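Protein chains in written order, with the working numbering: chain A, 421 to 668; chain B, 421 to 668; chain C, 421 to 668; chain D, 421 to 668; chain E, 421 to 668; chain F, 421 to 668.
Hints should not be assumed to be uniformly reliable.
In this list, chains with the same sequence are indistinguishable; a pair is considered to hold if it fits within one copy or across any two.
Stated by the list, open to error - Cut-off 35 Å, straight-line C-alpha distance, at most; resulting in silico cross-link-like pairs (DSBU-like, lysine-lysine):
1) Lys646 with Lys579
2) Lys639 with Lys579
3) Lys576 with Lys646
4) Lys576 with Lys639
5) Lys422 with Lys662
6) Lys639 with Lys422
7) Lys646 with Lys458
8) Lys579 with Lys458
9) Lys458 with Lys576
10) Lys639 with Lys651
11) Lys579 with Lys651
12) Lys576 with Lys651
13) Lys576 with Lys662
Calculated from the structure, these hints are not laboratory results. Since this is a predicted model, take the numbers as computed values, not measurements.
In case you want the letters, here they are:
There are 6 protein chains.
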Amino acid sequence: MKLLLVNPNTTSAITDRLMAAALQAAAPGTEITRVTAKTGVPYISTRTEEAIAAVAVLEILADQGGAYDGAIIAAFGDPGLLAAKELFDFPVVGLAEASMLAACALGRRFGIVTFAQALGDWYGDSVRRDRLEVRCAGIRALDEPFAAVADVQSEKQDKLVELALASVERDGADVVILAGAPLAGLAPLVADRIPVPLVDCCAAAVVQLEAAVRLAPRKATAGSGKRPAFKPSVGLAPGLAKRLAGDT
Amino acid sequence: MKLLLVNPNTTSAITDRLMAAALQAAAPGTEITRVTAKTGVPYISTRTEEAIAAVAVLEILADQGGAYDGAIIAAFGDPGLLAAKELFDFPVVGLAEASMLAACALGRRFGIVTFAQALGDWYGDSVRRDRLEVRCAGIRALDEPFAAVADVQSEKQDKLVELALASVERDGADVVILAGAPLAGLAPLVADRIPVPLVDCCAAAVVQLEAAVRLAPRKATAGSGKRPAFKPSVGLAPGLAKRLAGDT
Amino acid sequence: MKLLLVNPNTTSAITDRLMAAALQAAAPGTEITRVTAKTGVPYISTRTEEAIAAVAVLEILADQGGAYDGAIIAAFGDPGLLAAKELFDFPVVGLAEASMLAACALGRRFGIVTFAQALGDWYGDSVRRDRLEVRCAGIRALDEPFAAVADVQSEKQDKLVELALASVERDGADVVILAGAPLAGLAPLVADRIPVPLVDCCAAAVVQLEAAVRLAPRKATAGSGKRPAFKPSVGLAPGLAKRLAGDT
Amino acid sequence: MKLLLVNPNTTSAITDRLMAAALQAAAPGTEITRVTAKTGVPYISTRTEEAIAAVAVLEILADQGGAYDGAIIAAFGDPGLLAAKELFDFPVVGLAEASMLAACALGRRFGIVTFAQALGDWYGDSVRRDRLEVRCAGIRALDEPFAAVADVQSEKQDKLVELALASVERDGADVVILAGAPLAGLAPLVADRIPVPLVDCCAAAVVQLEAAVRLAPRKATAGSGKRPAFKPSVGLAPGLAKRLAGDT
Amino acid sequence: MKLLLVNPNTTSAITDRLMAAALQAAAPGTEITRVTAKTGVPYISTRTEEAIAAVAVLEILADQGGAYDGAIIAAFGDPGLLAAKELFDFPVVGLAEASMLAACALGRRFGIVTFAQALGDWYGDSVRRDRLEVRCAGIRALDEPFAAVADVQSEKQDKLVELALASVERDGADVVILAGAPLAGLAPLVADRIPVPLVDCCAAAVVQLEAAVRLAPRKATAGSGKRPAFKPSVGLAPGLAKRLAGDT
Amino acid sequence: MKLLLVNPNTTSAITDRLMAAALQAAAPGTEITRVTAKTGVPYISTRTEEAIAAVAVLEILADQGGAYDGAIIAAFGDPGLLAAKELFDFPVVGLAEASMLAACALGRRFGIVTFAQALGDWYGDSVRRDRLEVRCAGIRALDEPFAAVADVQSEKQDKLVELALASVERDGADVVILAGAPLAGLAPLVADRIPVPLVDCCAAAVVQLEAAVRLAPRKATAGSGKRPAFKPSVGLAPGLAKRLAGDT
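Use the sequences and the hints to build the structure in full.
Structure follows, in structure tokens:
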């Protein structure tokens with residue numbers, strides 16, 4: 421099985437973290453290829469940046485996705501996810517969607533823990549998009565500056581553990597998602613300090629995508645997952661324009 | 421009061437329809453300037469096309485929005501609306517949001533009527549985004565081909581009236597929204613054939629934006645409406661990049 | 421445009437506050453006439469008092485409403501609002517409904533701040549009536565006595581600002597409604613002390629009613645907004661009895 | 421146990437039907453006294469008429485309620501119910517609230533069947549007020565004229581049975597409420613023609629009120645059920661004014 | 421009226437408490453017979469133990485229920501309740517269902533207070549099962565060890581009162597349920613220390629069951645309350661097997 | 421990876437179907453062992469039968485589960501699932517939970533199609549248990565007799581396809597679950613006749629369980645997933661009693 425991991429952030433050090441966590445979670449025989457967005461911002465944390473990233477993701481998938489069995493949109497707010505699901509024929513998952521579905525299998529209510537206040541509100545959009553508010557115990561985010569986003573998980577490890585404990589003890593979470601691409605790979609390192617199952621957002625995406633690929637669902641030709649009717653366009657990246665036009 | 425009407429569709433004939441409906445609804449003293457998207461598709465009807473349009477809208481607003489008291493995103497699914505609300509200092513409304521809020525003041529439950537099946541699911545995203553499912557009696561869409569999108573409101577007038585009647589009689593709508601930029605201006609023409617208040621999506625956007633401008637809300641510096649922290653970016657349109665970077 | 425502002429409280433000093441705030445918000449060309457309830461209590465704050473005020477409002481509108489383009493029920497819990505919407509042919513708005521719809525356009529979640537504990541539960545009825553619970557971040561109310569209800573906004577200004585800040589910082593409000601007729605006109609005075617948009621309940625009612633009048637909706641003859649079938653009655657005020665009987 | 425049955429409709433023939441059904445359901449030792457509203461309309465079926473009836477109910481309870489262990493507001497939309505619960509010290513139930521709670525004990529989802537289209541929307545207000553939408557399978561109402569409201573249950577018996585069957589077979593109701601004061605006493609007559617439990621709205625009110633009285637709950641002095649703070653008033657019926665002022 | 425009170429816990433001292441509270445609440449003429457489960461655990465507090473108790477309850481009801489007008493499943497999480505409602509012809513109530521419905525008649529939002537942290541999550545299942553989340557202000561549980569479950573109500577009386585007060589003051593409860601079979605009979609002893617109505621879970625079950633019996637609902641032959649189609653089985657207790665097979 | 425597939429129905433022909441579908445979906449290296457319940461009914465379709473099956477499942481898992489990396493409860497209503505998740509240390513999935521979570525990744529709204537009317541209401545319990553009502557487009561069930569439950573998928577294949585088409589076209593499903601153990605393995609046979617992705621309930625359970633095992637979640641020691649406190653019991657199967665007592 422060949423999977424494409426798309427980092428919509430332009431920071432390649434985050435891609436490296438994601439890749440390491442992905443490989444650790446992957447089943448034997450799964451090959452994963454990484455790609456980092458060339459347009460956008462170093463780290464996505466608002467709706468504006470998500471909107472920009474969504475198009476970047478669609479461009480990458482239009483250009484490269486066809487060679488893979490499935491793709492991961494490796495930012496927690498899942499920029500472009502619903503669009504990609506309708507536009508492409510292969511399964512696509514996002515870190516947020518995959519983490520939440522994995523968490524639903526591991527506990528009645530999940531908490532979300534992340535490393536910056538700005539992310540909380542945007543991550544909440546994913547919870548609402550997937551209509552999982554009643555399964556979500558709350559979102560807790562670090563409220564202090566850090567040195568480098570790619571290393572925040574080690575610099576702030578103790579604080580993140582404290583947030584996870586608060587999620588369990590005060591919010592009533594039965595399972596905690598460590599959310600955000602920069603936290604990929606953190607879960608196994610702190611699992612013994614937190615009394616409920618942890619979900620590593622990148623590992624969850626890999627195993628959920630493997631599961632989806634193995635179910636081999638057919639591409640929808642009806643309903644909200646069907647491919648958009650072919651249309652001309654103006655001013656788009658060539659690969660994406662071709663996909664919209666039905667030329668690929 | 422000076423308002424900017426942004427048509428995210430690339431079809432200027434639709435912009436003309438929108439402009440006519442907007443001027444008819446505007447208060448004395450309101451000036452409206454139109455702009456048509458230069459990148460994108462002739463008519464947006466899917467999540468993919470919305471994602472593309474969202475960036476086009478942000479680019480236009482970054483370039484031109486600063487000269488206005490407020491802006492209308494004149495496509496019913498409101499591409500880029502939440503992003504624009506956080507990124508810019510002036511009030512921004514979308515056809516869907518404005519229509520639904522206007523409808524909530526006119527009846528307990530609103531029906532949405534539009535001209536193409538493909539739109540229904542995407543329009544439903546707007547209902548869910550604004551958490552108004554319980555106020556929505558349902559979405560009904562025409563299920564037959566038409567000659568030209570810019571003229572669909574006259575070609576299919578009788579069929580659209582039938583759908584509005586079904587929305588009232590079968591779905592229990594107390595008020596009906598005629599949804600989609602190509603239907604702008606239709607409501608006054610058919611009001612006497614439908615036994616509940618009609619909402620013209622473009623007129624609603626104008627009066628709601630005027631109302632918002634008159635309330636003169638301050639720009640949020642906290643909460644989900646605050647401007648994103650300044651960030652560098654790569655590969656974006658210059659005006660949008662400057663806005664992200666805090667240079668405008 | 422001629423609007424009628426009905427204060428369901430019997431305190432004329434509150435009517436004066438409402439009128440001042442209304443005139444400040446009104447568009448050029450809007451004329452507003454005030455009327456104060458002659459039956460009822462000085463200040464409505466419970467369901468019992470709302471029930472009493474509802475009939476007083478219907479009586480006033482039956483007697484005087486016909487001369488206006490629209491009417492404002494100027495108490496935050498909107499006594500008689502849904503009844504008035506079905507009984508009369510002109511648009512009617514209430515402070516609570518108008519504030520909440522205006523707030524929905526200005527932020528994802530609104531907080532409500534008011535000046536007396538007793539009001540909180542009753543105001544919550546309005547949120548539930550309009551099915552906007554998921555958009556409401558919470559209701560916060562002053563918990564201390566004040567000298568005179570008509571002057572509470574100046575006497576307790578600092579405390580009310582503290583409550584608004586708590587609504588933003590602890591409840592996650594993106595926009596705050598200063599709720600209750602006695603707080604009319606307060607928002608502009610404290611806007612620079614609160615980091616999110618404020619909604620003045622009376623200003624919101626004026627601009628929302630202007631918007632509704634400009635949309636010129638037809639009176640419903642179907643659905644829940646249609647006029648009740650004509651009926652005889654016993655013991656009612658003459659104007660209201662005539663309206664029920666279809667004589668006006 | 422002494423109970424007061426208040427018919428907010430001014431039609432005494434309906435009071436007679438209610439009384440007969442109430443006596444049939446009452447436990448040995450329960451005495452029931454009837455009273456018919458002297459102000460209002462012959463039969464309440466809209467929000468306007470409910471608003472008017474609410475005050476009539478409060479006046480009656482203020483004058484006579486103190487001599488009873490509990491009171492029934494015997495119209496299905498429960499005019500004045502929440503106000504009466506806060507204003508008086510004895511338990512008060514309404515036909516709608518009592519029927520729905522009784523139905524919840526008898527099946528997962530209840531259907532509501534009534535005799536006039538106009539009632540459906542207003543009855544829906546009761547379902548929403550009590551937040552029981554998810555337990556309600558739907559409301560079905562007769563759509564044809566009848567000779568006299570007090571006899572509609574016999575004139576239209578077969579049609580009402582058809583509606584109840586449709587509620588079970590098409591809406592998925594597990595239990596059906598025969599709703600509206602004029603249908604009081606109908607349930608036992610048609611129980612063998614409908615394959616799920618039936619709830620007679622008046623019988624349900626009696627047994628639920630008996631249950632509430634037997635639990636002997638104390639009057640709340642906190643929360644939304646506490647008595648309003650004493651207030652002066654202008655222009656109200658003397659008994660109600662005294663109760664508001666704390667003189668009774 | 422003859423009622424069967426089934427204690428699914430194996431502790432007969434709890435049955436005694438339940439019986440005393442039941443007799444105190446029962447109407448004149450109601451006879452109550454007690455039975456204690458012979459298989460299971462001393463005190464049920466988890467989903468595992470509920471699953472085990474559910475079968476024990478069904479066995480007892482299959483063996484003995486036929487001689488009664490109705491039955492109470494006297495553990496707060498109502499083990500086996502929905503199954504019993506479909507399998508048997510007489511009305512069956514559970515402590516949780518009955519308490520919550522009684523509470524809904526006594527206040528807008530109910531709090532639940534109990535004596536052990538472990539119970540909170542399981543009791544929440546009952547709230548969700550009956551879709552009453554929006555009426556529930558919260559669940560509060562004692563967080564300290566006690567000497568004997570059958571005497572916890574006297575040993576921890578002051579602490580339980582504190583929890584009830586917190587439910588009112590901090591959670592906004594209008595009525596409080598003292599939940600769990602070991603708390604049966606506590607409500608009357610502490611009613612004067614808590615400013616809202618209290619619901620005794622066992623008393624509520626008795627009066628609600630009396631009410632249901634008096635309504636004399638017919639056994640459903642359609643919908644989710646109908647008896648399961650007859651089936652053979654292997655390895656079940658004889659009485660239950662016969663009931664499944666249609667032999668009783 | 422070694423997985424245990426527990427069929428709570430006593431029909432071994434159904435176990436064979438399940439096993440074949442499970443093996444087809446399993447990853448290389450996954451070993452699956454089957455076990456058929458020895459107590460209970462041939463085919464579970466009501467809440468009563470679910471209650472009975474739940475204990476049978478817990479007994480089997482207590483006896484045999486410890487030798488496996490995870491277990492599947494292979495009946496669509498997931499008897500005993502939440503209890504098993506708290507009682508045992510290995511991951512446990514059910515057909516309903518796994519199918520719904522898999523479906524959520526494949527489309528916005530899932531339809532459920534099954535082969536007997538009786539199942540619909542019970543299957544709905546699973547949707548509600550997992551709080552996924554808003555993601556569920558509806559449940560459709562065959563309404564005609566069949567020869568043998570283990571062969572219903574071939575006997576009624578065309579009818580089941582019709583139901584799936586209705587789920588898409590009339591209910592708006594974006595993905596369809598073929599639900600019920602006897603339908604295991606049907607999805608791949610009819611995928612080309614239905615225009616949206618299909619979910620085979622048994623295949624979904626296998627891939628979701630593999631995903632859960634690979635994430636290697638720790639056993640909760642807090643929250644609703646923690647093991648019940650050790651307790652003595654009376655009358656239970658020895659293995660289950662030992663597990664409850666903490667002896668295994």
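Problem set entry | Intra- versus inter-subunit Cα pairing at 35 Å for lysine 576 with lysine 646 | between (43 Å within a copy, 26 Å between copies)
Problem set entry | Intra- versus inter-subunit Cα pairing at 35 Å for lysine 639 with lysine 422 | both (18 Å within a copy, 31 Å between copies)
For this session: Go through the copies and call it for lysine 646 and lysine 458: within, between, both or neither, with a Cα cutoff of 35 Å.
Result: Answer is both: 28 Å inside a copy and 27 Å across each meet the 35 Å cutoff.
Exercise. When no copy is specified for lysine 639 and lysine 651, does a C-alpha distance of 35 Å or less occur within a copy, between copies, both, or neither?
Worked result: within (19 Å within a copy, 38 Å between copies)
For this session: Using 35 Å as the alpha carbon limit, work out where lysine 579 and lysine 651 are close: within a copy, between copies, both or neither.
Result: For lysine 579 and lysine 651, the Cα distance is within 35 Å only across copies (25 Å; inside one copy 50 Å).
Exercise. For the identical chains here, do lysine 576 and lysine 651 meet the 35 Å Cα criterion within one copy, between copies, both, or neither?
Worked result: For lysine 576 and lysine 651, only the inter-copy Cα distance (22 Å) is at most 35 Å; the intra-copy one is 48 Å.
Exercise. Between the shortest in-copy and the shortest cross-copy C-alpha distance, which are at most 35 Å for lysine 576 and lysine 639: within, between, both, or neither?
Worked result: Close across copies (25 Å), not inside one copy (42 Å); limit 35 Å.
Exercise. At most 35 Å between C-alpha atoms: does lysine 422 with lysine 662 qualify within a copy, between copies, both, or neither?
Worked result: within (23 Å within a copy, 39 Å between copies)
Problem set entry | Intra- versus inter-copy proximity for lysine 662 and lysine 576 (alpha-carbon distance at most 35 Å) | between (44 Å within a copy, 31 Å between copies)
Exercise. When no copy is specified for lysine 579 and lysine 458, does a C-alpha distance of 35 Å or less occur within a copy, between copies, both, or neither?
Worked result: within (32 Å within a copy, 47 Å between copies)
For this session: Give the relationship of lysine 639 and lysine 579 under a CA distance limit of 35 Å: within one copy only, between copies only, both, or neither.
Result: Classified as between: cross-chain Cα gap 23 Å, same-chain 43 Å, threshold 35 Å.
Exercise. Is the C-alpha distance from lysine 458 to lysine 576 at most 35 Å within one copy, between copies, in both cases, or in neither?
Worked result: within (28 Å within a copy, 45 Å between copies)
Going down the numbered hints, you'll see the structure goes against none, and every one checks out.
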